[in-house]
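Undergrad: Residue strings, one per chain:
2 protein chains.
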Amino acid sequence: MKRPTVTIKEIAKLLNVSKSTVSRALRDSSEISTETKKRVLELAEQLHYAPNPIALSLLKNKTQTIGVIVPDIANRFYSSVIGGVEDISYSRGYHTMIYQSHELLERELAVTRHLALRRVDGLVVAISSQSEHVDHFNDLQEQGIPVVYFDRVNELMASHKVQVDDYKGSFEATEHLIAQGCKRIAHIAGPKQVSISRNRLEGYLDALRKYKLEIRDEWMLHTEITQAGGTERTYQLMAMRDRPDAIFGASERITMGIHLALRQLGYRMPDDVAVVGFCDLAMSMLMDPPVTSVTQPSFAMGQQATTLLLDLIESNNTPVVFETRVLPSNLLIQGSSLRKS
Amino acid sequence: MKRPTVTIKEIAKLLNVSKSTVSRALRDSSEISTETKKRVLELAEQLHYAPNPIALSLLKNKTQTIGVIVPDIANRFYSSVIGGVEDISYSRGYHTMIYQSHELLERELAVTRHLALRRVDGLVVAISSQSEHVDHFNDLQEQGIPVVYFDRVNELMASHKVQVDDYKGSFEATEHLIAQGCKRIAHIAGPKQVSISRNRLEGYLDALRKYKLEIRDEWMLHTEITQAGGTERTYQLMAMRDRPDAIFGASERITMGIHLALRQLGYRMPDDVAVVGFCDLAMSMLMDPPVTSVTQPSFAMGQQATTLLLDLIESNNTPVVFETRVLPSNLLIQGSSLRKS
DNA sequence: CTGAAAGCGCTTACAG
DNA sequence: CTGAAAGCGCTTACAG
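Residue numbers (the UniProt record's numbering), protein chains in the order written: chain G, 1 to 341; chain U, 1 to 341.
Since the hints were made in silico from the structure, they are not lab data. Glycine is no exception: its CB is placed at the ideal position from the N, C-alpha and C atoms. Fair warning: there could be bad hints in the mix.
[Claimed, not checked] Facing chain U, according to a computed beta carbon distance under 7 Å, are these residues of chain G, among others:
#1 58
#2 95
#3 97
#4 288
[Said to hold, decoys possible] Computed list of lysine-lysine pairs in DSSO-like fashion (alpha-carbon distance at most 30 Å, straight line):
#5 G:19 to U:9
#6 U:19 to G:62
#7 U:19 to G:9
#8 U:183 to U:340
#9 U:62 to G:13
#10 G:192 to G:212
#11 G:62 to U:60
#12 U:183 to U:210
#13 U:9 to G:60
#14 U:13 to G:60
#15 U:340 to U:168
#16 U:9 to G:9
#17 G:13 to U:60
#18 G:60 to G:19
#19 U:62 to U:13
#20 U:62 to G:60
#21 G:60 to U:19
#22 G:62 to U:62
#23 U:60 to U:38
#24 G:19 to U:60
#25 G:62 to G:9
#26 G:19 to U:62
#27 U:62 to U:37
#28 G:19 to G:9
#29 U:9 to U:38
#30 G:9 to U:60
#31 U:60 to U:19
#32 U:62 to G:9
#33 U:62 to U:9
#34 G:60 to U:60
#35 G:38 to G:9
#36 G:19 to G:37
#37 G:19 to U:19
#38 U:13 to G:62
#39 G:62 to U:9
Let the sequences and hints guide you as you build the complete structure.
TA: Right under this line is the structure:
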């Protein structure tokens, strides 16, 4: 049943020329006669010849393939980034392999090793929240496989980075809560070691400072980037003698958890507690009330990271200085925080 | 800066033996002296030698890699299936490449072509809603690349299939609505050409028949599998002179749209309109009220499809008869349809 | 027990 | 303009 694949060799035999000639004709080399080219091309077409990319990879040590590693593809932010990656890589003739680290350093290492062996031409990566170092990626770069980072970035990364203006997004979100008259604003942040958690926390703190609102340690909680984490911390916050009158969630999952917990506990949003989060638009609109969100240009992040990566791949010399692009976030005000004055 | 990769050739040179010997030692062949093996293994270890999988692929026409094609990775159902696929393939020493068709036949064809050339060992596929034929996959199978289908299956597929008991899930969901006292039950189905849409429609119809409820053509609407589709159709339904008192959505996206539309239009669930859908548990719990859902064992579907695929790959002979596994769905009753009696 | 040779599918200097 | 040869990294009959 197996239909054998057509190779250059067969075409050569059928046409009574050498493999070299066929190869050259196929690549439209100028040193082949128009006549020969025509015969080769016609037969190739007829036989549905397609070059074997594996043979080419072995030869060139290139695969025309880039890898993307994200913590979790089910997360809308990442799946939308992947959309942007595919958009650019597809249009520039590359293929995209998608991998998840499941937020585990161990999986990230395994995937990295695999991709290095498979000779992907480059990588677009959001590191796992467990990854405190990026030696494995730096190794890759030394092997000549460029990496571009997005979303989660840190100072150890010796490459291009694309991130969102977390600090500013967070500052504005907090400022908005203050403008709504909230005085006791809590923040549920992601893990401490994740850079974006720190930036978002800073933005929150600076806004409180600017408007001289009370800063309380017990209102700044860290948790895993999960819905359950958000729910748990909300219970913790609302159980306090001095309850917050607003909660700002540092990620979509966390914010979903906050929303759920407040509903379970019988609070009304925004009047009892105002809520703001870093959410995807589509997601925030599904909630009741819809959640005021710091939205991130995820698709564009994927596009920009990929453009940087392909440029890196296609220029043979390493750039002297790496670029960090900071894309603007956007505050979308919804019912969860908008109080009728 | 580029650190060259270690090859068998170098090890051979350093040890003053032939490449053949190194290769054999590495594969622990019985015809190599323990002494030589030890020297080779030690040096390989020291040099961090890893075999080049591309060379092996070229040689064996095998890649130890399987592909998954789903319409959309952002869909929780599919991302959870992918989790199950990864679980099995990882534990059996295979790698997983994830691709999306974006519900476009054209993209599905491009991906299929690419995977065939890249010599994946097999494929786990949920076809796009545009795909009315599966010739491209049957071609693949003729080339010796087995395919296992899940979720969206049809009669044209000459292979193993893993699906959920759509008909029964749909029947039970409708029965539940009837038990809640609903009399005018509408159904918003997916595209007609998708098999699961048809099965779900049948389950709905048979339940109505069994309990002798009114069946009305204008209460059975088809739409794309999108939230916007669900919203649009709900507006259409609720605008009718004879409004339904329950709406059953054939997919998660559609059901989200129904929920949103009803809230926008000011209806209360479940009292004005009861709602049931095919949703992911985590998703349905986020809604207010939470949505009664026919939940599917998505992770298990991925596991089973992958087990079938790897067995197919590893047994050289095509099985005489293909298996269709039908996994049970589960009705999870929530606030959107549960009326206090 | 070990090595030389052929080959997987392709490209590309090197000759002619 | 065309072909023979070498080589990408590996494996495996075939000799010895």
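Undergrad: With the threshold set at 30 Å, check whether the alpha-carbon distance from residue 60 of chain G to residue 60 of chain U stays at or below it.
TA: holds (19 Å)
Undergrad: Within 30 Å, alpha carbon to alpha carbon, are residue 192 of chain G and residue 212 of chain G?
TA: holds (25 Å)
Undergrad: Hey, residue 13 of chain G versus residue 60 of chain U, does the alpha-carbon distance stay inside 30 Å?
TA: It holds: about 23 Å lies between the C-alpha atoms, which stays within 30 Å.
Undergrad: Next pair to validate is residue 19 of chain G with residue 19 of chain U; report whether the Cα-Cα distance is within 30 Å.
TA: holds (27 Å)
Undergrad: For residue 19 of chain G and residue 9 of chain G, compute the direct alpha-carbon distance and say whether it is at most 30 Å.
TA: Holds. Residue 19 of chain G to residue 9 of chain G sits at ~6 Å (cutoff 30 Å).
Undergrad: Given the hinted pair residue 60 of chain G and residue 19 of chain G, is their alpha-carbon gap at most 30 Å?
TA: holds (18 Å)
Undergrad: Does the alpha-carbon distance linking residue 340 of chain U and residue 168 of chain U stay inside the 30 Å limit?
TA: holds (25 Å)
Undergrad: Between residue 62 of chain G and residue 60 of chain U, is the straight-line Cα distance small enough, at 30 Å or below?
TA: Holds, because 20 Å separates the two Cα atoms, which is no more than 30 Å.
Undergrad: Quick one, are residue 13 of chain U and residue 62 of chain G close enough, alpha carbons at most 30 Å?
TA: holds (26 Å)
Undergrad: Holds or violated: residue 38 of chain G with residue 9 of chain G, Cα cutoff 30 Å?
TA: Given that 30 Å is the threshold and the Cα spacing comes to 17 Å, the pair holds.
Undergrad: Hey, residue 60 of chain U versus residue 19 of chain U, does the alpha-carbon distance stay inside 30 Å?
TA: Roughly 18 Å separates the two Cα atoms, so the pair holds.
Undergrad: Can you confirm whether the C-alpha distance between residue 62 of chain U and residue 13 of chain G stays at or below 30 Å?
TA: Measuring from Cα to Cα gives roughly 26 Å; hence the hint holds.
In the structure shown, no violation is registered for any of the earlier numbered hints.
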